[in-house]
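Position chain G against the provided structure of chain L, taking the given hints into account.
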Amino acid sequence: MENVLSILFCLTLLYLVITARLKTYVGILRAQGILLSVIIIFPFLRHLSVHILIIPLMSLIVKAVIIPRFINKIIIDLDVKRIIEPNIQPFNFLLLSVASMSVIFIMSHVLSGYTPIETIPFASAFSAIVIGLLLIIFREKLIVHVVGFLILENGIFLFGTSIAAEMPTIVELGALLDILVVVFLMGIAVNKISSTFTEQKVTVLGGLKD
Amino acid sequence: MDYLFLIGCSLFIIGAIASVLIQPVRKALSFFVLINTLAAAINLIFAIKRLIELPQVSNLFPVFPQYASMFRADGLALFFLLIITTAAIPTVISTYSYLKHYIHKETSVRVFIISFSLLLLFTQLLVFANHGIVFLVFWELMTLTAYLGMLLEKEKEEVQKGSFVFFTATHLATFFLYIFFFLLNDNCGSWLFSDFHISSASGTVFYLVCLFGFLGFGMKAGFMPMHFWLPWAHPIAPAALSAFLSGVIIKTGIYGIFRIIEFCSPLPVWMGLVILTVSLFSAVFGVWYALAQHDIKELLAYHSIENIGIIGIGIGLGVIGITNSIQPLVWLGFGGALFHTFNHAIFKSLLFLGSGVICHNYKTRNIEKMGGIVHHAPWFVGFFLIGSIAISGIPPLNGFMSEFLIFKGFFNGAAALGEYYPLLMLLMTAGLAFVGGLALMCFTKINSIMFLGTERSRLDSFKVSRTDHTAMGILAFLCIFFGIFPQSILGIISSAVTLSRNELDMHPYAMFTRWEFLTVIFAGVLLIVMVMIIWKKFSTKQRISDAWGCGYTPQTPRMQYTASSYADEINSIASHTLQIKKHAILPKTMFPKKSNFVSHSEDFSEKRIAAPVYNYIVSKINSFDFLSKTDIRFYISLMLVIAVIYSIIAIIWP
Chain L
1 MENVLSILFC
11 LTLLYLVITA
21 RLKTYVGILR
31 AQGILLSVII
41 IFPFLRHLSV
51 HILIIPLMSL
61 IVKAVIIPRF
71 INKIIIDLDV
81 KRIIEPNIQP
91 FNFLLLSVAS
101 MSVIFIMSHV
111 LSGYTPIETI
121 PFASAFSAIV
131 IGLLLIIFRE
141 KLIVHVVGFL
151 ILENGIFLFG
161 TSIAAEMPTI
171 VELGALLDIL
181 VVVFLMGIAV
191 NKISSTFTEQ
201 KVTVLGGLKD
Chain G
1 MDYLFLIGCS
11 LFIIGAIASV
21 LIQPVRKALS
31 FFVLINTLAA
41 AINLIFAIKR
51 LIELPQVSNL
61 FPVFPQYASM
71 FRADGLALFF
81 LLIITTAAIP
91 TVISTYSYLK
101 HYIHKETSVR
111 VFIISFSLLL
121 LFTQLLVFAN
131 HGIVFLVFWE
141 LMTLTAYLGM
151 LLEKEKEEVQ
161 KGSFVFFTAT
171 HLATFFLYIF
181 FFLLNDNCGS
191 WLFSDFHISS
201 ASGTVFYLVC
211 LFGFLGFGMK
221 AGFMPMHFWL
231 PWAHPIAPAA
241 LSAFLSGVII
251 KTGIYGIFRI
261 IEFCSPLPVW
271 MGLVILTVSL
281 FSAVFGVWYA
291 LAQHDIKELL
301 AYHSIENIGI
311 IGIGIGLGVI
321 GITNSIQPLV
331 WLGFGGALFH
341 TFNHAIFKSL
351 LFLGSGVICH
361 NYKTRNIEKM
371 GGIVHHAPWF
381 VGFFLIGSIA
391 ISGIPPLNGF
401 MSEFLIFKGF
411 FNGAAALGEY
421 YPLLMLLMTA
431 GLAFVGGLAL
441 MCFTKINSIM
451 FLGTERSRLD
461 SFKVSRTDHT
471 AMGILAFLCI
481 FFGIFPQSIL
491 GIISSAVTLS
501 RNELDMHPYA
511 MFTRWEFLTV
521 IFAGVLLIVM
531 VMIIWKKFST
541 KQRISDAWGC
551 GYTPQTPRMQ
561 YTASSYADEI
571 NSIASHTLQI
581 KKHAILPKTM
591 FPKKSNFVSH
601 SEDFSEKRIA
611 APVYNYIVSK
621 INSFDFLSKT
631 DIRFYISLML
641 VIAVIYSIIA
651 IIWP
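These protein sequence lines are chains L and G, in that order.
Quick note on numbering: the first sequence equals residues 1 to 210 in the working numbering.
Quick note on numbering: the second sequence equals residues 1 to 654 in the working numbering.
Hints in this document: simulated from the structure, not taken from any laboratory.
For clarity, every value in this text was computed on a predicted model and none was experimentally measured.
The reader is advised that the hints may include incorrect statements.
[Said to hold, decoys possible] Derived pair list, reagent style DSS-like, types lysine-lysine, alpha-carbon separation capped at 30 Å: (1) L:K81 - L:K141; (2) G:K369 - G:K629; (3) G:K156 - G:K363; (4) G:K100 - G:K408; (5) L:K201 - L:K81; (6) L:K192 - G:K629; (7) G:K629 - L:K81; (8) L:K201 - G:K100; (9) G:K607 - G:K154; (10) L:K141 - G:K607; (11) G:K156 - G:K105; (12) L:K23 - L:K192.
[What the hints assert, rightly or not] If you want a taste of the chain L side facing chain G, the calculated C-beta under 8 Å gives, among others: (13) I7; (14) L11; (15) I136.
From the three backbone atoms N, C-alpha and C, an ideal C-beta is built for every residue, glycine too.
Okay, chain L solo, but in the shape it has when bound (with noise of 0.2 Å):
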């Protein structure tokens, strides 16, 4: 069952990269919070209580609740144009996507015979990561940079759940914090430099430079 929601995580991922409505970003980004929710809660279904509950309580909250609709205030708020121009083509951002997420599974293929790990769950994850990243280098909108940067965020969160059964609930629970504080931020930072920056693009931020 993992596996599959695992599966179901990276093809989230793959839409990702072909759209280009804003809308669609948050709403993914939703959705990837909800499935991450579940899988990680999926190892302990046999004896559940309180205390195993908390985290994915809490991460359901802030990734699949409080974070998107922040997002979308931002959106609202300063009026974001809502579908983004790629700068590169998007089948082959797609066909690059694609190409180094087989790349990722097929190396986890081969480490998993070194190292205990889940090969799909794990797979997904780094895939997350360096897609996050893609997002990142290929899109100029900041908000976008936003979405990529908590994509990345996604994948490292599935990251420990597919190396270590459990990872130190206080751990968890602070990353969480980090990432809720950083999406403020950087929130109330396009929010202040929106009145100089109206494109919201970072190909002009070089013009902060002293």
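Here is chain G on its own, set in the frame of chain L:
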């Protein structure tokens, strides 16, 4: 008893927190002074008690048994705690009046208060660290808090520059120490100091460990080619901090060198000779550079280098003693070094606190602009004079006693070792005596120029507050006390030397000089001098005229002898190394015209070694400028590319 140190440390933390919370800032300052003096006194009592009782190594923080192995209170650490707290009490007291000036000027002093109390705490914890990483953490925290404290007058450009030099130099030292500890850990399979042991049988690693250890700790201590940060950092720090910096923080470098000797034993003989040579070089040129300075604090900073050199000579002697297994030499070398470390902390703090008072009143650090202070503040000048006599190594003050131990070590080494040693020891004796002579010259220079004569620039009043008098009085008393009664501390030093070398039986060498004869003689000399002073004051008639008037009636202050002319004769001998630059505009005609003369000395190692290396590195780094883009996406793609390359290498690696 066991809880004393814990209480002391928590008082430092309480002091730091309270100085943020208490309003107004004047009350916070009083609270800071009170509680930190108390805390330092508690830790001082702890150190003395532990040193006298000669305990087995035990847990420092009884409340936290799980951290027991992280800290260790052996003789060496306890002795350095003694040094730290002895210097901390007067410096903390003196901050009271010093910082009040800043509160009047509405400078924010809270950051200084916090960082100073944390600095005191971290320095004390540093010497107890028994774990490589814990040591590095406290080392770093000590540097950071010292740096923050230095930024009290951060709007001045020289403060920004000097603190930056301090910051970079100490981080270079930290970098060497990282390599030092990693190599040790790699070789010994543990992070604990008590497990670190490496001998020359392990080949290259042994020499690398020694090299990086001596580079790192030597840079912090300020041995000669690596000393260039000291004359930058000390003048710009607030007086109390520069006293603590020179009295204690550079001594952590000495502490580290003692640890190297403990970890890497036995050191080969040639290393002892190298230490001796470098130290003698530092001592001679440190004091010679000091002679060439006009800036009182820079001058004192160079004197720190000189004294570090003297301490290093003691350490070198001890190392030679260990390798030839001559116990008296070990004791005299290490004991002399430790005693001098202690003494230097006392008299250098005294001198720096004094210089702080002077700089506050004159608003300049240039000694050529001062003069006649003795008429304003006789007690203050008396205390400063005691510090000067002590640092020049003149009996009966404490500076002489520690140098006496080292001299005795020379003679002992010459007698006990054959071969070329008598000649070497003779050379070292002459060198150390020469250093003493130059130091004496330097301090006659500043004492006579600053305190005697007539005022070179107008000064309405010279204020010395009661706390300044207290702080300097304590230190001056200690200078005299340990000069006349060295036996009071020699037992403690003896246990510090033996405990740090894991030898449980105490050496009786502390007592092999009949110190009580010295006490009687010195006390007698002191008494005679005092009687003569009183007799002269009341018996002879005094003629009152301008100071150094020499029968010349229409005298102006500008006609007085200057500090640079006093020192010029000797400085001209080493003018190439001292890099003395003279700029003169002299009238060529026979009629007097406007003329002037400026001379200053540049630091050889800074101008010829540190600055070229720094510029070379900067220019090399600038050639990578094309990698600097304004777009974050460029950096992220770079990261991704490098991660991919690393992964490929990791996979195809056999």
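* When the hints from earlier in the document are held up against this structure, which numbers fail? -> Hints 2, 4, 8, 10, 13 and 14 contradicted; others consistent.
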